[in-house]
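Student: Each chain is listed here by its residues.
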Amino acid sequence: MNGYLKLALLAPALAFPHKVLAQECAKEPVTVGFLPKLDTDPYFQVAKQGAEEAQKEIGGKLIQVAPSQGTAEAQIEFINSLVSQQVGVIAISGNDANAVAPALKRAAKQGVRVISYDSDVAASARSIFVNQAKGDSLAEMMLQSAYDLTGGEGEFAILSSTPTATNQNAWIEFIKEKLAADPKFANLKLAQVAYGEESEQVNQQQALALVQAFPDLKAIIVPAGIGLPAAARALEEAGLTGKVKLTGLAPATLISKYIKEGSAQDIWWNVSDLGYLTYQTAQALAQCKISGKSGETFKAGRLGEYTIGAAGELILGPAKIVTPANLAEFKF
Amino acid sequence: MNFLRPLEFWRRLEFWDVLLAAACLVTIGYGILFVPNFFTAFNLSQIAASASEKALLILPMTLLIIVREIDLSVASILALTSVVFGLLVQASVPLILALPLTIAAGGLLGAFNGYLTAFLGLPSLVVTLGTMAMYRGIGYIFLGTGSINVLPDSVTDFGIDNIAGTDIPLTIVPFLILAPLFAIVLQRTPTGKRLYALGGNPMAALYSGIAARRLTATLFVLSGAVCAIAGIVYTARLSNARANNALGMELDVITIVLLGGVSVFGGKGRLTGVFLALILLSAIRNLLALNQVGGDAQGMVIGLILIASLLLGNYSKSLFELIQTYASFRKTEA
Amino acid sequence: MRRSGKVERARLFDRRNSIGRSILFQPSHGPVEHLQEIAPIGLRNAVKSFGRTVVLKEVSFELRQGEVLALLGENGAGKSTCVKLLAGVHTPTLGSVVVDGMPADFQSPADASKAGVAVMHQHPGLFPDLSIAENIFIGHMPTTGPGFIDAGRMREEARRVLDTVGLNVPPETRLGELRTSEQQLVEIARALSLKARVLIMDEPTAALSQREVERLFHVVGELRKQGVAMMFVGHRMDEIFRIADRIAVLRDGSLVGVEPAAALSRPAAIKMMVGRELSSLYPERTASRGPVGLAVRGLVLQAGGPSIDLIVRKGEIVGLGGLVGSGRTEIARVLFGVDRPVSGEILIDGIPRKIHSPREAMDAGIAYVSEDRMGQSLVMDFSILDNAALTVLAKAAPRGFYRPQSAIELVGGELQRMKLRFSGYEQPVKQLSGGNQQKVVIAKWLATKPRIFILDEPTQGIDVNTKAEIHAMIADLAAQGMAIILISSELPELLGMCDRIIVLREGEKTAEFTREEATQELILEAATSERDSSGHAEHDRIDAAPAFTLANILKRREFGLFAAMAAVILPVALINPRIFSAANLTAVSMDVALLMVAALGQMLVLITRNIDLSVASIIGLAAYLSASALSAHPAIGPIGGLFIACSVGIAAGLINGALVTFGRIPAIVVTLGTLSIYRGLNSLWAAGDQVSADEVPISWLNMTGTKLAGVPLIVVVTLLILLTASYLLNNTGIGRELFATGSNPDGAELVGIPQRRRILLAFALAGLLAGICGALWASRYATVDARVATGFELTIIAASVVGGVAIRGGAGTLFGVALGALTLLVIKNGLTLVRVDPLWLQGVYGLVILAAIGIDALVTRRARAGNN
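Those protein sequence lines, which keep their order, are chains L, B and H. The numbering of the first sequence is my numbering, which starts it at 94 and goes up by one. The numbering of the second sequence is my numbering, which starts it at 20 and goes up by one. The numbering of the third sequence is my numbering, which starts it at 43 and goes up by one.
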């Protein structure tokens with residue numbers, strides 16, 4: 094019985110000789126597969142809406158699949174699945190920059206193009222990275238925001254998402270470097286980096302834990318969309334709103350109450366536009382209008398002209414600080 | 020292996036294996052006919068690659084469940100040994116040393132499980148629940164939240180490439196080598212008989228001179244070692260040594276083994292069924308993913324299959340056993 | 043033919059109508075009786091078969107009021123089966139049980155109980171984790187109000203009935219702490235407490251001392267005066283003839299006859315039982331005395347116990363006699379390396395051998411046929427060949443591979459020699475009759491070519507013909523020079539087979555007789571205790587009753603948990619006093635409340651010997667569904683949301699329970715499957731969406747956060763739930779039955795506890811509590827998505843395990859579970875506050891779990907050693 098099984102396993106492999114596919118230039122809009130970090134993050138639902146808008150404009154097909162765990166392993170399954178479904182371009186928001194790289198490279202060998210959005214992957218594994226805002230700029234804005242909220246002195250903490258998330262880790266690195274290098278931030282100290290694991294419960298618990306563990310904590314930077322509203326809620330429940338200031342990146346609608354109160358600041362962008370741009374980029378890449386080289390330009394629908402920067406990075410635009418005044422213009 | 024007269028063949032078959040094989044055929048047939056892109060070299064090759072670690076883990080898990088034990092810590096041992104491997108490699112320990120050291124580390128972790136279960140007599144469910152948390156915690160202590168992804172080329176190549184000239188991924192090769200070994204030991208050696216006796220009636224096994232405690236402890240050590248091999252494979256496949264590798268994999272592994280016809284009560288079950296279950300579940304997950312069904316929903320389908328299969332099994336086993344008894348009588352009359 | 047229906051059921055309960063039309067009720071032999079009264083119970087043409095084995099063939103007899111009918115028969119004659127039919131444990135394949143003249147259909151022991159039948163079982167259905175009083179009254183507890191136990195009355199009545207049987211132990215004592223004979227007395231007390239009109243006694247005296255037997259007979263006398271119809275099953279002639287009014291004899295499943303005891307002589311009774319002259323059952327033997335094969339010197343089984351010496355010569359058969367628990371099997375186990383003695387030497391052929399495991403015993407040439415054939419000698423799923431070759435596996439695999447052919451060469455000869463009746467080597471051993479199974483066992487041991495052969499109750503439960511064959515075989519082995527030890531409770535067997543008989547009593551060798559000297563009376567006398575069993579042994583126990591000594595408090599698990607918490611809190615408080623701040627206490631208490639609610643549900647399932655891995659998925663599903671319902675229809679308010687969450691929880695729990703009880707799938711498998719199913723449902727419903735805080739009404743969020751006198755509402759609610767649950771678990775019959783189901787599932791079956799309904803209830807309640815937890819979760823954390831509570835099940839199970847709930851079922855306290863949850867979260871909080879990396883917390887949790895069960899095991903081991 095075992096012998097027959099082995100034969101059965103090997104049969105399909107023997108039936109298909111191994112071949113490598115070249116990446117061809119498409120003549121028409123292709124299928125784009127969006128692969129967010131996690132299926133329960135509404136951020137990516139909103140991005141999808143923007144992508145759908147773009148899809149209606151220029152055609153092609155849009156699929157979105159997401160893993161139920163925020164890990165690389167789970168994402169790899171879906172990368173493979175998208176390749177099998179013969180999409181033209183994969184647009185991935187990476188859970189783990191390096192761990193998904195081999196799978197993406199394999200995808201490229203099968204003729205599928207790869208771009209990343211929101212959270213980058215290893216540069217060698219993708220052609221273009223559509224970033225919502227310049228990473229450095231986001232990090233700097235968050236740090237500046239913390240500086241403003243605390244009066245430039247004291248301890249602050251960072252409540253990130255998962256330990257492997259590329260984008261968050263990049264911002265945290267930048268913040269650490271700026272803290273060390275710039276004399277302006279000499280009196281500001283980073284107490285700890287905690288992880289909210291993209292879970293409401295964990296975010297709330299970690300926020301409270303940070304406050305309890307560091308009695309001199311003045312502010313928390315939460316560069317994670319779900320985390321900032323969760324931390325705000327936790328502090329509110331503990332009666333600490335205003336005593337510990339919050340800032341970070343979060344959907345404006347979810348944090349609007351606290352922005353109006355003044356106990357939190359938010360740096361945000363138009364998420365729907367990010368999805369729109371990503372779709373446009375994907376189609377442009379598939380049709381060989383761009384190839385990811387620095388300096389290339391193309392027109393991304395209603396958003397206008399875009400130029401690709403260094404290392405294949407494409408910036409959506411500057412992020413904005415959300416104030417009570419401009420709160421209305423953020424739909425998410 | 021002898022495939023004698025047809026009657027002999029039917030008698031040797033297990034009802035469950037037949038059912039699973041049929042389900043596999045139906046599923047794969049459905050995939051070939053109705054899901055474009057299923058039966059491509061790339062897709063099939065990736066199914067095998069993704070299943071590489073689980074395939075390894077089901078081998079010792081089957082043996083453990085047959086002897087009425089369980090090991091919930093398999094995924095944590097995988098993660099911790101992956102971390103150990105990464106650290107060794109990072110410290111420039113040559114592969115020829117790093118590999119056996121990692122496997123030995125896995126064996127040690129398994130030995131701890133084995134000691135608590137076999138010699139202290141603690142229930143394996145709770146012991147491995149504790150070590151599941153503890154081992155992963157140790158992984159975090161070693162490596163924090165970081166990862167080691169600079170690995171020697173031979174390792175990364177092993178993780179990505181296929182066997183020369185074919186589409187069979189290299190990462191499934193450890194399983195292809197170990198699986199027949201396990202199957203032979205279980206079905207054709209005295210040790211296998213002892214395992215079945217130990218699971219079928221631990222007291223009778225003890226009273227027949229079988230060294231029950233030593234056997235159980237050895238199984239746990241073996242489990243740890245195989246988990247370490249799986250840890251190395253995982254690290255290679257993802258080019259990544261990290262403490263949160265394979266989170267939640269233990270439940271998947273246990274589901275496959277149980278679906279494969281191994282009874283939680285012990286003493287019953289064969290690796291053939293488990294292999295078929297592995298193929299079936301991998302194919303189903305793949306088909307669902309190709310139809311854009313998410314991870315949790317895939318899990319739901321698999322949970323339904325597990326329960327439905329056991330319900331079906333309970334209510335129709337008697338029928339098949341009747342056929343088998345008839346066949347056995349016919350044979351001995353001859 | 044079974045006829046049941048509402049009419050017959052109604053008759054079952056109509057106890058008053060016992061005088062009615064007379065029946066012409068003819069037993070197959072014996073005088074025709076004209077009855078003035080209808081017999082309360084009896085069998086009519088009852089046939090019982092298990093698979094292809096027919097155990098009872100058309101047996102008819104009846105029990106009469108105020109009379110004792112003794113059921114006599116050899117082992118395997120069918121006595122136990124008759125008892126089980128009358129007790130409702132089995133249903134007749136053909137024929138029927140007759141109650142008050144009408145056929146009755148007992149679907150379960152509960153039905154028999156309702157019909158007024160009480161049974162003293164041979165292997166009692168007792169629950170080691172419950173108290174004596176609870177054991178006595180389980181299933182029919184005295185109640186006040188709807189199902190609440192009247193503890194005072196229960197204790198009183200328990201004391202009364204314990205007095206009647208002469209057991210002087212406080213009724214609150216845990217049953218597991220009693221000795222075998224004392225547990226037998228509790229079984230008797232249990233049957234008596236039912237105040238039934240029919241009392242069936244199945245080997246009630248097997249473990250009792252003479253004094254206790256007298257007590258029992260006195261009670262029987264009283265019951266006789268009260269008009270209770272009684273049946274007594276036993277095989278000690280003296281007892282039977284003393285107590286019985288009539289004697290029914292079974293042989294090979296058929297009723298040979300029913301005679302008045304006065305009219306029957308002993309030899310006549312034995313002849314009816316055996317069907318032939320006694321002597322032909324046992325072969326002629328010439329006593330050949332070879333050199334000493336086995337010598338045991340100074341063997342001490344338990345600390346402080348007496349020392350035992352014995353020798354067995356080659357070619358000799360030495361018998362070990364005595365009551366159950368007297369030490370015979372214990373000696374055999376020591377000789378075979380299963381147990382270790384306190385001290386002593388074993389010499390084989392004059393050479394001292396260390397025997398520390400069965401393997402070493404086998405290497406020394408010792409073989410042991412255990413008394414528990416199904417439990418210790420055979421693997422029921424294996425074939426005949428596999429069972430027979432189990433002892434010589436290594437030899438059957440010449441080049442590492444097991445070859446059936448080699449096995450056949452090794453054992454085939456022995457199987458032939460035993461004249462085994464089988465259809466093929468591959469035949470599953472469970473299809474064989476008891477006698478043939480025993481032949482396989484003996485063949486298995488003969489294959490090891492032993493020099494010393496220990497046989498423990500080798501002919502128990504075997505038909506007469508096979509018995510004779512086995513006896514002949516044993517004599518044959520002796521003639522070939524094997525040294526044989528024969529342990530038996532059947533005095534005729536000892537007298538017929540053995541050259542010498544050694545009698546044990548409570549671990550001490552009290553007598554040794556040669557074949558010529560021995561008589562049944564002498565052996566019985568040496569075997570039974572004259573020492574008052576309610577003597578100093580009981581005094582010891584009363585003194586050691588749970589006193590509030592320091593040592594006892596320290597041993598308790600709760601203390602250990604408090605100590606663990608203190609060990610964390612104190613140092614942390616020194617480093618970071620904010621551990622006591624209001625904000626921290628509030629947060630921790632709310633977390634603890636959530637965990638406690640879920641852990642309570644898990645405990646209910648664990649005590650019934652099941653497990654629920656899907657609890658976290660139920661919490662998630664309930665949380666999401668209630669939150670999304672609230673966001674869609676805010677008008678339903680918190681009550682509506684809570685209602686939805688509870689409904690979801692109960693539904694999920696019922697599905698789990700139904701699959702376990704009616705689907706007959708083990709709980710671990712069911713809940714492994716439903717874990718994924720419920721989570722998947724959650725995912726599909728949510729479709730990637732969230733229900734965020736501003737989409738639900740404020741009143742829902744305040745449900746948990748509002749403070750009553752500084753204490754969050756969620757904590758108050760949880761405490762209420764816990765107190766209610768604790769009260770219900772300890773003070774209702776149903777609550778105690780949950781523990782009983784897990785403590786001894788087979789016993790629960792025998793006693794008539796509706797196990798399936800109880801388990802279904804446990805799962806449903808666990809689901810309900812998970813639903814409540816889900817609602818509280820959604821209210822507390824405000825934003826819910828499909829991933830709520832992922833992985834929480836392991837924390838919940840950990841809390842239960844740390845809190846002392848036994849995974850094997852039957853034991854656990856609510857206080858323990860609450861403490862377990864508290865301990866885990868206090869440790870987590872403490873570590874977080876001293877800035878230990880939160881990811882390291884897993885490692886600490888794992889350590890805590892291992893420490894908890896490790897300490898548990900140590901404490902149990904020491905307690906067991908202390909009791910012995």
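Bear in mind the hints are in silico, worked out from the structure with no lab data behind them. From a predicted model like this one, the values you see are computed outputs, not experimental measurements. Glycine included, each C-beta is placed from N, C-alpha and C at the ideal position. Watch out, some of these pointers could steer you wrong.
[Claimed, not checked] Derived DSSO-like pairs (lysine-lysine); straight-line CA-CA distance at most 27 Å: (1) B:Lys287 x H:Lys472; (2) L:Lys149 x L:Lys382; (3) L:Lys353 x L:Lys424; (4) L:Lys413 x L:Lys227; (5) H:Lys749 x L:Lys336; (6) H:Lys437 x B:Lys287; (7) L:Lys311 x L:Lys353; (8) L:Lys227 x L:Lys120; (9) L:Lys227 x L:Lys336; (10) L:Lys392 x L:Lys271; (11) L:Lys336 x L:Lys311; (12) H:Lys749 x L:Lys350.
[Claimed, not checked] Ranges between beta-carbon positions, derived for each pair: (13) H:Gly679 x L:Gly397: 46 to 52 Å; (14) H:Ile681 x B:Tyr134: 36 to 42 Å; (15) B:Leu44 x H:Gly679: 32 to 38 Å; (16) L:Gly402 x H:Ala674: 43 to 49 Å; (17) L:Lys154 x H:Leu726: 20 to 26 Å; (18) B:Val169 x H:His675: 36 to 42 Å.
[As the list claims (entries may be wrong)] Residues from chain H that face chain B, not an exhaustive set, calculated with beta carbons under 7 Å: (19) Val421; (20) Phe704; (21) Ile707.
Student: Check the structure against each numbered hint from earlier and tell me which ones fail, lowest number first.
Tutor: 8, 9, 10, 14, 15, 18 and 20
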